[in-house]
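Heads up: the protein sequence lines correspond to chains Z and D, in order.
Start counting the first sequence at 422; every next residue gets the next number (our numbering).
Start counting the second sequence at 90; every next residue gets the next number (our numbering).
Keep in mind that the hints were calculated from the coordinates and are not lab data.
Being a predicted model, the structure only gives us computed values, none of them experimental.
Ideal Cβ placement from N, Cα and C applies to all residues, glycine included.
There's no promise every hint is true.
[Unchecked claim] If you want the footprint, here are the derived chain D segments under chain Z, 3+ residues with CB under 8 Å: (1) 312 to 324; (2) 378 to 387; (3) 390 to 400.
[Claimed, not checked] Sample of chain D residues lacking proximity to chain Z, with all beta carbon distances greater than 12 Å (derived): (4) GLY131; (5) PRO146; (6) HIS158; (7) GLY164; (8) GLY172; (9) GLY182; (10) SER216; (11) GLU335; (12) SER348; (13) ARG351; (14) HIS352; (15) PRO431; (16) LEU440; (17) GLY448; (18) GLY449.
Residue strings, one per chain:
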Amino acid sequence: MPRKSTRLDLAPIDGKLLEVTDLHVEFRTRDGVAKAINGVNFSLSPSETLAILGESGSGKSVTAQAIMGILDSPPAFVTGGQVKYCGVDLLTMPEKDMRRVRGDHISMIFQDALSSLNPVFPVGWQIAEMFRIHRGMNRSDAQEQAVRLMERVRIPAARERAGNYPHQFSGGMRQRIMIAMAIALDPRVLIADEPTTALDVTVQAQIMTLLKELQEESGMGLILITHDLGVVADVADDIAVMYCGRFVEHCDVHRLYANPAHPYTVGLIDSIPRLDQKGEQLFAIGGLPPSLTHLPTGCSFNPRCRFATEECRVAGAPPFIEVEDGRFAACYHTEEVLNRERV
Amino acid sequence: MSESELSGLSGQPETVSGTGEDAGAADGAAASGPTRAARHVGVEPILSVRDLTKYYPLSSGVIRHTVGHVKAVDGISFDLFPGETLGIVGESGCGKSTLGRLLVSLERPTSGSIVFEGRDITDLKGSAMRRLRRDIQIVFQDPYTSLDPRKTVGDIIGEPFKIHPAVVPSGKRQARVKELLDLVGLNPEHINRYPHEFSGGQRQRIGIARGIALNPKVLVCDEPVSALDVSVQAQVVNLLVRLQKELDLAYVFIAHDLSVVRHISDRVGVMYLGKFMEMGDEDQIYDRSTHPYTQALMSAVPVPDPQARDKRELIVLQGDVPSPANPPSGCRFHTRCWRAQPACAEQDPELVPREDGAGGHDSACLFAELFSKASEEITEADQIG
């Protein structure tokens, strides 16, 4: 464990912080091999917000865990691809160095703040741990830094509350503490895995505003993992939609909402009830997501897709290609989807 | 509704991706007609709740003496009319789930009354209570924990018939369970499967089938879609809308998701710390809200449209919900209200009709008239720190 203040000297290459190419992850379980991620590609620049959108089981959290190198292995195995951070492949990096990347360069916020914090230590101590371990600070200096961080994430009366335990905080405040720990060492990439899912809308708005402000201050790249199309529309620059371990569409937020290029995205956007308009019957995507151990042949979405043809069932998974300038989709019928009749 | 009517209705395949034309026609008529409140003139409410409270004692010390009360529900009144949906929204801890449990008599109220079809049911006991439970049923939030993992789907949906044998004769129960499965869009062949063999959305359908098994008149839905993914959530919401039409159910729909509540509800009540802050028709609440809490809640809901990003006015409430054991004096929202005035700390405003620029609806804000969206110019001028 490095007990020095050295930070691995890595700089963005060609303006890219993170480049994930052809990532594959599978879970080897008793019921068979579940292919959780089947070839994911994306890159992230400083100050960019990329949202990874998907339903439960789509592989969005596994993608984040693979980048951080915190997959439970076994059962999970990375079976292919590269995760390059500033030109260095994290997947082949020795664990000793990886520990210095985590927290220092790339850090992560988890969904459930209560179970991610240690219940038997005061929160100030837990935040200060980042400085004690990664920066080798003494206790009092580290504690001082922790209080400063708690102020930075706008926790009222930070100095007094640093001695409190996680259970003494509300859900929103706990999530702020998680954020404080994540940004403690000024990471260049922050991965937020469903940061507001367990919170009320009013608190969710507070947390999203905080994340946006912190990003503006530090210029970090943000990967926001969520299933909420509303949150994404508010903060993301780019959106990648995941289904059964694949990106099915990836483009900037405005074009994606205005006219989705993949039938799954169409279904997702149509199925949300809108607050600003009272709808009639909701459009629902028929059927259920398939089991990852028994993916359908061809395109994984074909059994639920209204555009599906024979080609989708027999030909291999549709390639993830550029369908418009800077817009990627994995569908044989993109043209048809883009020019579909609007409901 | 009799069983024969039910069997006539079942067997229709669910239109998962239907255009909802018939739903549209029904809704259009309602919108162009008189206001929903006026429609109910002369109609007896099926459920009437008056000044309902539920206090949980807080104990402390070695001898566990009571030191105070958590006022989970603190004076709630409303009427529910046959065939309508009353949506109840609020943040976690506002008492909306406790209210749901009170309505189905899973909890005894501390005071107040619940009148069902003209009969006070607040203190019913024994067989009268059992008889009543047939008419008011509940669907729970979490489809993973509300179904017994060791029972088959047939046992789970059929259990109400064991407790209320008069509803369906014992020989016909199997057939009735299959009919119910079909009605909620599940395969009747799966009657012998266990809950773990189903996905979240399918389990919620099982919960709904159990809820409607006894042909209730009122169904309390406590966060029925919160645990589900968006695409599946839409399926379950559509199912609830269809069942309401087919079975003439009245829903009390409890949820924290304001968009879902707007979609399904005729009337909406906004709860904060055990009380209604505002109540009215769905469009009165969503388009002409007069209570600052409702307005803040609404502004915080992310709109799934990036174009709206800059146009949206986000009212970020400071701090957290105060403890219901020690609610603030006066208006209980005044500690977080961005429009609070000195009077708000002293006077507890009643939920009474207040002007909203188009006829008025119930609101519990002293300055409702001032803060209604219709009088935007005045509010700008009158705004105080």
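Outcome of the hint check:
1. Only residues whose beta carbon comes within less than 8 Å of a beta carbon in chain Z count, and the stretch 312 to 324 of chain D has 7; three or more means the coverage holds.
2. Residues of the stretch 378 to 387 of chain D with a Cβ under 8 Å from some Cβ of chain Z number 3, which satisfies the need for three, so the listed coverage holds.
3. Remark: the stretch 390 to 400 of chain D is confirmed as covered by chain Z, as 9 of its residues place a Cβ nearer than 8 Å to a Cβ of that chain, reaching the required three.
4. Look at GLY131/D: its CB is around 26 Å from the nearest CB on chain Z, clear of 12 Å, so calling it non-interface holds up.
5. At roughly 22 Å, the least C-beta separation between PRO146/D and chain Z is larger than 12 Å, which holds for a residue marked as non-interface.
6. Chain Z leaves HIS158/D outside its interface by the beta-carbon criterion, the shortest separation being 21 Å against a cut-off of 12 Å.
7. Annotated as non-interface, GLY164/D keeps its C-beta farther than 12 Å from every C-beta of chain Z; the closest such distance is 22 Å.
8. Non-interface status of GLY172/D relative to chain Z is upheld: no Cβ of that chain comes within 12 Å, the nearest being about 18 Å off.
9. Separation of GLY182/D from chain Z is inadequate, the least Cβ-Cβ distance of about 9 Å not exceeding the 12 Å criterion.
10. Taking the minimum C-beta to C-beta distance to chain Z, about 41 Å, the non-interface status of SER216/D holds against the 12 Å cut.
11. The Cβ of GLU335/D sits about 14 Å from the closest Cβ of chain Z, beyond the 12 Å cut-off, so the non-interface label holds.
12. At the 12 Å boundary, the C-beta of SER348/D falls inside the reach of chain Z, the nearest C-beta of that chain being 4 Å off.
13. Taking the minimum C-beta to C-beta distance to chain Z, about 6 Å, the non-interface status of ARG351/D is violated against the 12 Å cut.
14. Here HIS352/D does not stay apart from chain Z, with its beta-carbon only about 4 Å from theirs, under the 12 Å limit.
15. Residue placement check: PRO431/D keeps its beta carbon more than 12 Å from all beta carbons of chain Z (closest about 23 Å).
16. Taking the minimum C-beta to C-beta distance to chain Z, about 21 Å, the non-interface status of LEU440/D holds against the 12 Å cut.
17. Chain Z leaves GLY448/D outside its interface by the beta-carbon criterion, the shortest separation being 18 Å against a cut-off of 12 Å.
18. Against the 12 Å criterion, GLY449/D stays outside the reach of chain Z, whose nearest CB is about 21 Å from its own CB.
The structure fails to meet hints 9, 12, 13, 14 from the earlier list, while all remaining hints are met.
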